[in-house]
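Asks: Hey, can you work out the whole structure from these sequences and the hints?
Respectively, the protein sequence lines represent chains A and B. 1 is the number of the first residue of the first sequence in the working numbering; add one for each residue after it. 1 is the number of the first residue of the second sequence in the working numbering; add one for each residue after it.
To be clear, the hints were calculated from the coordinates, so they are not data collected in a lab. Here the structure is a predicted model, which is why all the values come from computation and not from measurement. Every residue, glycine too, gets a C-beta built ideally from N, C-alpha and C. Careful, some of the hints might be misleading.
[What the hints assert, rightly or not] Capping the alpha-carbon separation at 20 Å, the derived lysine to aspartate or glutamate pairs in EDC-like fashion look like this:
#, chain 1, residue 1, chain 2, residue 2
1, A, K204, B, E317
2, A, K251, A, E277
3, B, K192, B, E317
4, A, K194, A, E178
5, A, K204, A, E81
6, B, K192, B, D315
7, B, K18, A, E82
8, B, K192, A, E82
9, A, K118, A, E108
[To be verified] One-sided and incomplete, this derived list gives chain B residues near chain A with beta-carbon spacing under 8 Å:
#, residue
10, R103
11, A106
12, M107
13, K109
14, T110
15, Q115
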Amino acid sequence: MDHAIVARSLTKRYGRAAAVDDVTFEIEAGEIVGFLGPNGAGKTTTLRMLAGLVRPTRGSGEVLGERVPGDSLREVGTMIEEPSFYPYMTGRDNLRHAALLHGGVPGERVEEVLAFVKMEAASLKRVRAYSQGMRQRLALARALLWRPRVLLLDEPANGLDPVGIAEIRENLRAVAKEGVTVLVSSHNLAEIEKLVDRILAIEKGRLVFDGPLHRLLARAEMLTYRYALRASDPETLTRALRELGLSPERKDELVEVEVGAERADALVSELVRAGVEVIEARRESDDLEDAYLRLVQADARPA
Amino acid sequence: MSGLGNVVRAELFKVVRKRRTYVLAGLWWILLPALVLFVGRLIHVNLGGSFVDETGGIRLVVQEIASPYGIARLTLIGPAYASPTFYVIVVALLAALLVGEERGHAMWKTVLVAQPRRWAVMAGKVCVAMLALGGLMLGAGAAGALFGALGTTFLPTDWSGDWAGLAWLYAMQWAFCLAAVLFAFLMVFLFKNVALGVVTVFFLPALLEGLYTLYRATVGFEPVNRLNVLFQGLRLQQRLEAIPQYFFTSNLYAPARSPVGDVVRAVNTGGGEIPQDALGQLLGAGITLPHAAAVMAGYAVVFGALLFWRFSRQDVE
Numbered sequence: 001m002d003h004a005i006v007a008r009s010l011t012k013r014y015g016r017a018a019a020v021d022d023v024t025f026e027i028e029a030g031e032i033v034g035f036l037g038p039n040g041a042g043k044t045t046t047l048r049m050l051a052g053l054v055r056p057t058r059g060s061g062e063v064l065g066e067r068v069p070g071d072s073l074r075e076v077g078t079m080i081e082e083p084s085f086y087p088y089m090t091g092r093d094n095l096r097h098a099a100l101l102h103g104g105v106p107g108e109r110v111e112e113v114l115a116f117v118k119m120e121a122a123s124l125k126r127v128r129a130y131s132q133g134m135r136q137r138l139a140l141a142r143a144l145l146w147r148p149r150v151l152l153l154d155e156p157a158n159g160l161d162p163v164g165i166a167e168i169r170e171n172l173r174a175v176a177k178e179g180v181t182v183l184v185s186s187h188n189l190a191e192i193e194k195l196v197d198r199i200l201a202i203e204k205g206r207l208v209f210d211g212p213l214h215r216l217l218a219r220a221e222m223l224t225y226r227y228a229l230r231a232s233d234p235e236t237l238t239r240a241l242r243e244l245g246l247s248p249e250r251k252d253e254l255v256e257v258e259v260g261a262e263r264a265d266a267l268v269s270e271l272v273r274a275g276v277e278v279i280e281a282r283r284e285s286d287d288l289e290d291a292y293l294r295l296v297q298a299d300a301r302p303a
Numbered sequence: 001m002s003g004l005g006n007v008v009r010a011e012l013f014k015v016v017r018k019r020r021t022y023v024l025a026g027l028w029w030i031l032l033p034a035l036v037l038f039v040g041r042l043i044h045v046n047l048g049g050s051f052v053d054e055t056g057g058i059r060l061v062v063q064e065i066a067s068p069y070g071i072a073r074l075t076l077i078g079p080a081y082a083s084p085t086f087y088v089i090v091v092a093l094l095a096a097l098l099v100g101e102e103r104g105h106a107m108w109k110t111v112l113v114a115q116p117r118r119w120a121v122m123a124g125k126v127c128v129a130m131l132a133l134g135g136l137m138l139g140a141g142a143a144g145a146l147f148g149a150l151g152t153t154f155l156p157t158d159w160s161g162d163w164a165g166l167a168w169l170y171a172m173q174w175a176f177c178l179a180a181v182l183f184a185f186l187m188v189f190l191f192k193n194v195a196l197g198v199v200t201v202f203f204l205p206a207l208l209e210g211l212y213t214l215y216r217a218t219v220g221f222e223p224v225n226r227l228n229v230l231f232q233g234l235r236l237q238q239r240l241e242a243i244p245q246y247f248f249t250s251n252l253y254a255p256a257r258s259p260v261g262d263v264v265r266a267v268n269t270g271g272g273e274i275p276q277d278a279l280g281q282l283l284g285a286g287i288t289l290p291h292a293a294a295v296m297a298g299y300a301v302v303f304g305a306l307l308f309w310r311f312s313r314q315d316v317e
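Replies: Here it is in structure tokens:
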């Protein structure tokens, strides 16, 4: 298979601090990959290096088989951080300017992408009057203007309301169906969960996970869950948990405890068998965000 | 080359959508010629036929400044005086529009993704700045001629003049401004604050030249006695005293200021040549056009090399 995007030991240092540290991954053509990480983890810097905007301190990036920066970047569309436009121009004129700058974009393509993001009418207004959602949609339209084969998207749903998020998600799904390779970062992990097949997770500049979405979830399952329990007698509950080999923490009426994923489901029934009257048992939800956070926390612990 | 062409088309698209372009054109095309015409009219009405016009010199003065040729020439000369000069204002504002705005609106990341060839992006922007400046200068010359033509209806002026020579000076002045454009782009690109970059473009060359002049006037360059043979060989004193010949501003405006001598000679009833002192330099004496062309080419090479080198290595944050 052809690699659409390759990062080889990508490293970016600012003084002694490493924003991105020895990040290596490969993305096949047509893949949709989620790029996860908390703020400051190095997602945006990695995307900037792949887009040829920032020079790596060490390592290299490749797009469509060519080292970055190179002519293959002409086949890349990006939305990196806050969308930016010339505020004194209309949305349509901003797209026309970008089309002229890139070259080889037919005039009707501007109308096509505006229709795709449902911005035909609003595109006649000056950008300074746009809402955040309109800017995000216009930025996506601009990223698609020259029919890119690779999309690098940094927080594309940032600042959008739920309707806007759903619209962006639908747009990206439609783009992906056309075979475009997409690397999308987000802190809205629920959105990535519904969009991507594979996850790259980055923490403190280092890649901590690279694999299919289901493997991230499975790996997280191998870690621990945190339970918040309430019983008619908290003392009995605490004693029973200790007898099960766990380390409970008393917080007023609640008792919190971490339990391995392999026995998490059976915890309540074990407590009942031990004679504890369990009134309430809350487990952390097992969506991607929790899985990711548990993964990062586990990797951050000293061995 | 296609990348360069794309950038030129895109940036022209942007320049014509900016109000600033039309404000500059209005100032240069209308305000300056109209002011000159008004002054010509004042001189003609108030001094024509008076005791100061015993030799008929007022008609000559009015012809020199308010005829079609005279006004077209003043729209070349006028912007080369005052501090900052109108040429530098135009160049700095174009740099702010074409370079500073990309930083101000965080547009570099967009521009450099749409057109990843950085040399093409910067070269295209320089081309557009030069085209815009050329358009403004051409318009100013044409507007000057038009206002002068209007003046022929109520002033004792006609169309005579060395039009070919004037056109050549316009072309020379436009070409000399390449160094100023590159300098302005470099300053506006280097300074994170666009306003600071623009102010630097306005005043840095004049400030450095002023400091030199002040030092030379107050302290002066004495012959160096230590290592006498070496310094004599280098002729350091003479070289330091010759620095004004290489000043950015006096060389930059050499084409625009060169006709001032003609005007002064024409209206100077006492005759005689323009002195070779500081005032003479301001009036365009002392620096020949070939010398100024060589100096400005040198500045253009230095500023251009620094600009393109810096831009090609700059991270876009």
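Asks: Hey, does the T110 (chain B) contact hint survive, CB to chain A under 8 Å?
Replies: Result: holds, 6 Å to nearest chain A Cβ.
Asks: Is K18 (chain B) within 20 Å of E82 (chain A), Cα to Cα?
Replies: 23 Å, violated
Asks: Grab the minimum C-beta distance from M107 (chain B) to chain A and call the hint holds if it beats 8 Å, violated otherwise.
Replies: Holds - the Cβ of M107 (chain B) comes within 8 Å of chain A, reaching about 5 Å at its closest.
Asks: Verify the proposed pairing of K192 (chain B) with E82 (chain A), using a straight-line Cα cut of 20 Å.
Replies: 19 Å, holds
Asks: Quick check on Q115 (chain B) please, does its C-beta sit within 8 Å of some C-beta on chain A?
Replies: 5 Å, holds
Asks: Under 8 Å, Cβ to Cβ, is where A106 (chain B) needs to be relative to chain A, so tell me if that hint holds or is violated.
Replies: 4 Å, holds
Asks: Is K251 (chain A) close enough to E277 (chain A), meaning Cα to Cα at most 20 Å?
Replies: It holds: about 18 Å lies between the C-alpha atoms, which stays within 20 Å.
Asks: Tell me if the straight-line CA distance from K118 (chain A) to E108 (chain A) falls inside 20 Å.
Replies: 15 Å, holds
Asks: For the pair supplied as a hint, K194 (chain A) and E178 (chain A), is the alpha-carbon distance within the 20 Å limit?
Replies: Status holds; Cα separation ~18 Å.
Asks: If you take the shortest Cβ to Cβ gap from R103 (chain B) to chain A, is it below 8 Å?
Replies: 10 Å, violated
Asks: Holds or violated: are the alpha carbons of K192 (chain B) and E317 (chain B) at most 20 Å from each other?
Replies: 12 Å, holds
Asks: Would the hint linking K204 (chain A) and E81 (chain A) be met if the CA-CA limit is 20 Å?
Replies: 18 Å, holds
The structure fails hints 7 and 10 (numbered hints given earlier, in ascending order).
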